[in-house]
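Could you slot chain B onto chain A? The hints should help.
Here the protein sequences come in this chain order: A and B. Here the first sequence is numbered in the numbering used here, starting from 1 and rising by one per residue. Here the second sequence is numbered in the numbering used here, starting from 1 and rising by one per residue.
FYI, nobody ran anything at the bench for these hints, they're computed from the structure. What you were told as hints is all true, and nothing was included just to trick you.
Computed footprint of chain B on chain A; a stretch qualifies when at least three of its residues, placed anywhere within it, have a C-beta under 8 Å from a C-beta of chain B:
hint : stretch
1    : 120 to 126
2    : 285 to 299
3    : 304 to 312
4    : 375 to 386
5    : 394 to 402
6    : 410 to 419
7    : 423 to 435
The beta-carbon is built from N, C-alpha and C at its ideal position, and this holds for glycine as well.
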Amino acid sequence: MLLTVEGAATRLEGPLLFLRRTLDVGLYDAVEVLGRDSVTRLGRVAAIDEQFMTIEVLESTAGLSLEGTVVRFRGQALSFGLGPGILGRVFNGVGQVIDGGPPVAAHRTVPIEGLPMNPVARALPRDFIETGISTLDLMNSLVRGQKLPLFSGGGLPHDRLAVEIASHARLRGGTGPQDRLDVVAPHGERPYAGAPQRTTPAEDFVIVFAGIGVPYDSAEYFRRSLEQGGALERTALFLNLASDSSTQRLLTPRFALSAAEYLAFDCDKHVLVILTDMTNYCEALREVSSSKGEIPSRKGFPGYMYSDLATLFERAGCLRGEGPGSKGTLTQLSILTMPADDIGHPIPDLTGYITEGQIVLSRDLDRRGIYPPVNVLPSLSRLMKDGTGGQYTHPDHPALSSQLYAAYARAAQARVLASVVGVEGLADTDRRYLQFGTAFEQTLASQDAARTLEQSMALGWRLLAGLPKSELTRLSDAQIAAHIEVLA
Amino acid sequence: MAGVLDEFPGLTDPRSGRPLMERTVIIANTSNMPVAAREASIYCAITVAEYFRDQGLHVALMADSTSRWAEALREVSGRFGELPGEGGYPAYLSSRLADFYERAALVDTLGGDTGSVTVMGAISPPSGDFSEPVTSHTKRYVKAFWALDVKRAQARFYPAVHPLQSYAEDARAFAPWWAAQGNGQWLALRRRFLTLLDEQAQLERMARIIGKDALPARQQLTLLCAELVNEAFLRQSAFSPIDRVCSPQRQAAMMRLLGRFIDLAEAALAAGVEPDRMAGIGCLRELQRMGEEIADDQLPRLAELEARLERDFAQLVPAAAGTPTPESRDAAHG
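The shape of chain A in the complex, shown without the other chains:
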């Protein structure tokens, strides 16, 4: 069904085109807007009332006029034609190929809004993704099917971190999340027999990378580094530039997630989606909302921002059972920059409500030249207990992580103490903690190249060996004997 309306335009305002309602259309239906310059622009119906229809134009509205504008209604929601050929390709924010190659052969066309998963059909995310970053793998593990945001700030190296995770992330042993459902033994009960076998072929792990409202140089950086690192072959890259229209920005993550869902649930892949930067997305949401004249809520962001973000973040997960789509998983790592480093700002706040934990980057660590500047104390991966331990990584991994956390928190206290009374005024134990804190940041948090989990764990045990045994209250005697006393 294709209906064309001509001469009904009454007002144009930024990305919004207001038309008299001369026909019955559905909310969020896709449209094409033809200007007198004969350029076709993609758009969608954003609001309808008795008299008017509001069209969100997803490309530049410069040069559009009221008289000469023709709008074609497609009679269905925006959709995305997908096929296995999307891997290794570069798209713009609305799913058009921009790498100069031929269009992608579509095996399936899906509406970009996706469909909510029935909560009962979801499987609990399990099993581990190795990112190559010690502070993540060891202490805030990413689990297949998890949604984990990275809270960063302006000027922090989150772009580099995103690219490095995309290049180095890999699966370890295990076959899929569902095979684990029948395993009821508590974590750590199965004896550990060497490194787990990698039974998941590497080609089953793919990346969907979406740059949302990123400047041109960052976009080029993403494209080049993925290409040079060889990761582009297993990546579908979506780039929405800062200069693209803000309405288009609202759709970029939806196109990217539709592609990811296709790869995960139609092609049985394990998909890691990296969305950067969600702050640009929320800013676009605020901009479009206020141009529609909606009542603003906190800091001018629309009241429905929570629900809107949920429609994106909830698209992570995996399905239970043996049916179609139950083999793949969709993991989300979304990056956002906290305005003025304020973690209570509506964007990080509402994101934290929906996601399963957060990774926080610290300006202080960055200033001291520590890369990646992950501040482990406020960071948390809520699903870590489901993806670590004997079945997935190592039986002593959770205890090691817990002890590192306790010791580093104590080191942070000792630092506050030392800043007042001086290092000389500290008790001997506190001085050892102080040294531990510095060593932790210099050797474990800081890294030049990707590390395997085994390397990260070895570093962790070595750091703990610097503390008196009486302080290691979160490790059992057996763990201390097996990992720490052998080092001495």
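This is chain B only, laid out in the frame that chain A set:
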């Protein structure tokens, strides 16, 4: 949500041995479902609870989280074009919260039974700020409050319930119940632990200025005992199948054991033993890890630990009367 739906069907009821799901109702509304349904979900849940209450059953209702429910209220109110109040929430937020929490009650049913609904609402305030509207209004209507502490959470101190910020107005009423579980001194011990923790909070501020070593011996001992209460009693390991839950009997035994430690330590201090040497006693590490090492059905091991504790202190006290021998100093610092 997937976690709850995945775990619950696998759980067995420890009392009947039947699947726990048989006496559970889950109202699931994930955040990508329609917002109006989110607003309705807690009313739906508490209505279900009242249905069972009226049959003379005791119902526990967990609402996670009422902040997201309030978020939905705010969104719907915005769509209606209502004037926003504090924090963008509608002005009727507090009366809606009161309506909800007031539905928790103990009732005599028409059938002559007693039924009850107990409500546990989780709140997730932005950046841990307890002065925000949902938290502050909820606190007006509830009698017990468990405050999760950021510092404890960051040190992976589980459960991160802050002992001083949390409160239970009905605590006194539980003393007879605890006495029935074998802990007649519960109220006294609880007060003692809380006093210790409160003193610790103040002393740490002081220690920050003058250094821990400069504190008098009595205050150093307070810090030692408070730290032990935290590590040995308040902290549990979620990873450990033994420590994940603790039976009332074990809690009572552990509480008494720690109370005994405090008594012995104070007596030793009076006899002139330095707190540093008490921190070096052999069984301290076992005390700190008793929650993880000694299971619910191994209570005699706690008694053994107590005997060792008595012996360790007995060795300390006479040694303190004279000059410490080299052996006892090694024992204290090794």
